[in-house]
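Participant: Guided by the hints, dock chain L onto chain C, whose structure is given.
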Amino acid sequence: MRNISSVLGKLAKVVSVGLMLLFAVTMSHAQDAANGAALFKANACQSCHAVGKELTGPDLAGLAERRDEGWIIKWIHNPQGMVDSGDPIAVELKSKYPTMMAAYANLSDDDIRDIIAYVKAEEVKNAEKQTAAAAGGAEGGGGSSDATTLMILGMVIIAVLAVIIIVVLNRVIKSLEKVMESNRAAIEAAQAKNEEYAENRLAKFAKAFLRNKKLVGFAVLGLVALLAVAGWNQMWNVGVHTGYQPVQPIKFSHQVHAGVNQIECQYCHGGAFKSKNASIPSANVCMNCHNTVTASDHYEGEISPEIAKIYKAVDYNPETKEYGKNTRPIEWVRIHNLPDFAYFNHSQHVTVAGIECQTCHGPIETMEEVYQYSPLTMKWCVDCHRDTEVNADNAYYDQLIEAHEKLKKGEKMTAAMIGGLECGKCHY
Amino acid sequence: MKENILAMNKKGFLVSVCAAFALAAVVSSCGDGKTRSTGLEFSRNMYDPIAYNPDQPNNNFSNKMTAQLPPEGTTPIGFERFEFANSVEEYERAGRELANPLAATKVNLAHGEALFQTYCAVCHGKDGKGDGPITLDRSIEDSRGKRNLENFPPPPSYQKSDGNPSSRGGQMSDLSAGKIYHTIFYGYNAMGAHASLLTPEERWQVVMYVQELQKK
Numbered sequence: 001m002r003n004i005s006s007v008l009g010k011l012a013k014v015v016s017v018g019l020m021l022l023f024a025v026t027m028s029h030a031q032d033a034a035n036g037a038a039l040f041k042a043n044a045c046q047s048c049h050a051v052g053k054e055l056t057g058p059d060l061a062g063l064a065e066r067r068d069e070g071w072i073i074k075w076i077h078n079p080q081g082m083v084d085s086g087d088p089i090a091v092e093l094k095s096k097y098p099t100m101m102a103a104y105a106n107l108s109d110d111d112i113r114d115i116i117a118y119v120k121a122e123e124v125k126n127a128e129k130q131t132a133a134a135a136g137g138a139e140g141g142g143g144s145s146d147a148t149t150l151m152i153l154g155m156v157i158i159a160v161l162a163v164i165i166i167v168v169l170n171r172v173i174k175s176l177e178k179v180m181e182s183n184r185a186a187i188e189a190a191q192a193k194n195e196e197y198a199e200n201r202l203a204k205f206a207k208a209f210l211r212n213k214k215l216v217g218f219a220v221l222g223l224v225a226l227l228a229v230a231g232w233n234q235m236w237n238v239g240v241h242t243g244y245q246p247v248q249p250i251k252f253s254h255q256v257h258a259g260v261n262q263i264e265c266q267y268c269h270g271g272a273f274k275s276k277n278a279s280i281p282s283a284n285v286c287m288n289c290h291n292t293v294t295a296s297d298h299y300e301g302e303i304s305p306e307i308a309k310i311y312k313a314v315d316y317n318p319e320t321k322e323y324g325k326n327t328r329p330i331e332w333v334r335i336h337n338l339p340d341f342a343y344f345n346h347s348q349h350v351t352v353a354g355i356e357c358q359t360c361h362g363p364i365e366t367m368e369e370v371y372q373y374s375p376l377t378m379k380w381c382v383d384c385h386r387d388t389e390v391n392a393d394n395a396y397y398d399q400l401i402e403a404h405e406k407l408k409k410g411e412k413m414t415a416a417m418i419g420g421l422e423c424g425k426c427h428y
Numbered sequence: 001m002k003e004n005i006l007a008m009n010k011k012g013f014l015v016s017v018c019a020a021f022a023l024a025a026v027v028s029s030c031g032d033g034k035t036r037s038t039g040l041e042f043s044r045n046m047y048d049p050i051a052y053n054p055d056q057p058n059n060n061f062s063n064k065m066t067a068q069l070p071p072e073g074t075t076p077i078g079f080e081r082f083e084f085a086n087s088v089e090e091y092e093r094a095g096r097e098l099a100n101p102l103a104a105t106k107v108n109l110a111h112g113e114a115l116f117q118t119y120c121a122v123c124h125g126k127d128g129k130g131d132g133p134i135t136l137d138r139s140i141e142d143s144r145g146k147r148n149l150e151n152f153p154p155p156p157s158y159q160k161s162d163g164n165p166s167s168r169g170g171q172m173s174d175l176s177a178g179k180i181y182h183t184i185f186y187g188y189n190a191m192g193a194h195a196s197l198l199t200p201e202e203r204w205q206v207v208m209y210v211q212e213l214q215k216k
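Taken in sequence, the protein lines are chains C and L. 1 is the number of the first residue of the first sequence in this note's numbering; add one for each residue after it. 1 is the number of the first residue of the second sequence in this note's numbering; add one for each residue after it.
In isolation and in its complexed conformation, chain C is listed as follows:
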């Protein structure tokens, strides 16, 4: 009894010591990586480096296998110095990447070891993500193959059922024909009677209906009213494109860009600040982000087909990151078509009046595919102009008041003084 308890006691000790050691090891490891992550962020390493993707600097995945720790520490402390001293790896890096990495002499050797631990932890995380995705993919594949077998089975069942029904119907028709053969005379008599009766009923109904003038009048009135309402509505909607949602050449989602990413409308449509047109951005504006953002996470490592359309338009090679000369325009379909006889200026509304884009264009930031929100009819413009108070905190009104003061005082005012010499007054 005593023996057993002492053995158990020893065992418990061993286990507890082992557990503590394990705990300590994992803790210290976690601390390394966590500190590394913080340093990686605080020193803006992530501006140029990622684990699993090449950005401005090289992909850090496999860093620890590629280079030894001493080299990494030396490089981070003084990259330019290593190039100058003729280190072959440093010289090769310099020739491959145009941007020279900044020196981080402030990082201690241990800090750098923590960062390396963080990079390793990220590699493990990425690998886990990939296996999870692969498993998910396999599952999804299994699901879809199940669906196809189910579909094939269903179709076979339907085909068999159809054959059975045809056979049964054929039999029924044959037996019915036999019955008809045997009772031909009786059937013909009954048919004649039936026809007579039906004719009689219809004729009686029509006569009765026509005789009731009120009812006829009411029916005609109803019909006319119905047509009038339908026609009236139809006519009001001639040339009104509310809800117009054409298919665009690229599936650009405003929900992603303006909604989730919170990119200001004018980042792309800067013309709304200073010109008549809100301007469709040229593709170089797209490339400001899509030089790095390819959404390849969602396309098994390939570039998203929609983003690839931008690359095609600007003739950009994502492998070499170089632009060619063979550019072609993206032919977006215009949604908001104001007739040519109406003049509308975006800058007057956006910059001067300070109206939000959403006032006219609706909840653009939630639209995956844009449609025309407002009717853009004259009534719609006029209604808003009737209610909107003028923002008079504006140099234009200062000048206007000044001109009025002058007139009141009886001072001389020429056409030239109120803009009569502006080119556009005569030449447009």
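It is worth saying that the hints were derived from the structure and are not from the lab.
Anything over 10 Å on all C-beta distances counts as not near chain C; from chain L, calculated:
no., residue
1, Asn60
2, Glu72
3, Thr75
4, Leu98
5, Ala103
6, Ala104
7, Thr105
8, Phe185
Covered stretches of chain L (chain C as the covering partner; in silico rule of three or more C-beta atoms under 8 Å from a C-beta of chain C):
no., stretch
9, 44-50
10, 125-136
Since this is a predicted model, take the numbers as computed values, not measurements. Note that beta-carbon positions come from the ideal geometry of N, C-alpha and C, so glycine has one too.
Facilitator: Okay, now just chain L, sitting in the frame of chain C:
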């Protein structure tokens, strides 16, 4: 008999009117009001412009676009030439030779801030700390399902208190006006050129605001 038929008739009429209304209601509520077509149009030629709109296709030019780039070597009205090339040496030279030509007024600074929030804050963050919305983790739910969106690599912070170095030497908080202007014009590393988005005056207003952020 006659009475009987009429009674039936009235009932039938009522039923058919109700049915017609129900049908009309159902038909008119069909869909979500969005359509691929522009619907009925009257005298379309009064709507289409005679002159070309800037975003319209145009067969008169070889690239079929109305919006043409200015010929090389010309300077558009309201723009001035930037006499520095896109290289590290020229960047350094711009840093030495250029100074902000705008007076440090409240109006210029306010414009600079507004422009910064529109054109820069999406990556650089509203205070220039490199934490703009597209550098942070975010997810979306739409017709393609729920998914995470790719993060844009966050730029280093301008603020002195963060002490981030620039990849072209020195601290981000010590970048001179000319260097910042050069970077806005040509872009650098992950940042694209923003010359087409801002006029020279606007660029200098942004530079003025960035230099305020550097002091933080």
